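Engineer: Read top to bottom, the protein sequences are chains E and V. Whatever position you read off the first sequence (first residue = 1), add 412 for our numbering. Whatever position you read off the second sequence (first residue = 1), add 230 for our numbering.
Since the hints were made in silico from the structure, they are not lab data. Keep in mind the model is a prediction, meaning the values are calculated, not measured. Virtual Cβ for every residue (Gly too), placed ideally from N, Cα, C. The reader is advised that the hints may include incorrect statements.
If you only want the chain V side, here are some residues facing chain E, beta carbon under 7 Å, derived [claimed, not checked]:
id : residue
1  : 273
2  : 275
3  : 276
4  : 282
5  : 308
6  : 311
7  : 315
8  : 331
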Amino acid sequence: DGGITQSPKYLFRKEGQNVTLSCEQNLNHDAMYWYRQDPGQGLRLIYYSQIVNDFQKGDIAEGYSVSREKKESFPLTVTSAQKNPTAFYLCASTPGGLQETQYFGPGTRLLVL
Amino acid sequence: SQQGEEDPQALSIQEGENATMNCSYKTSINNLQWYRQNSGRGLVHLILIRSNEREKHSGRLRVTLDTSKKSSSLLITASRAADTASYFCATDQYNFNKFYFGSGTKLNVKP
């Protein structure tokens, strides 16, 4: 059963807490992406990675951090510096290079307590 | 912003009717893609059209691209209740490995 998995489905964050969202893919894709989606809105790019051990900031990287130690995994940490973290977070991957279709995970909904 | 913008924001039709949604963008692109999102779920890729193509079909979907007007349209023919979802266009930024999504068209197909 190939694809992209994200966990958890729902995540609750307390004030001042860092939380990490998991994204794993077994598609052997080189590139991975993190997006944030607010209600009724489109997707905004947080971070992306073209290869292992390399990643670039997207349009709204402030308050977030990522790592890409393995090809299959691209975890996203929402830090306490992100003052408005409540959103739906989507992870995606592509085989690599330009002009590629993105494959999306099911998403994680982050809520603040 | 490089984002594509969809029009209309919301569309409500009866089952069996056709649904047309449009996307406009601002800069040169390599390709434009359409995605579908059911409520609370991830996005599913529908169709990709390259900048040198003008029209593409996939089942009940027809996509057109007019690079001179920087616009695209998605036509869903003979719509079904199961087509109820939000539809997004995504454009790449020429020579950059990033994608830009519009805010989507919310389609409601009434049975």
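Engineer: All hints, please: hold or fail.
Structural biologist: We went through each hint and held it up to the structure:
1. 273: Given a least distance of 4 Å, the restraint on residue 273 (chain V) holds.
2. 275: Holds. Min distance 5 Å.
3. 276: Cβ of residue 276 (chain V) sits 10 Å from chain E, so the hint is violated.
4. 282: violated (11 Å)
5. 308: violated (25 Å)
6. 311: violated (22 Å)
7. 315: For residue 315 (chain V), the interface hint is violated, since the closest Cβ of chain E sits about 13 Å away, which is over 7 Å.
8. 331: holds (4 Å)
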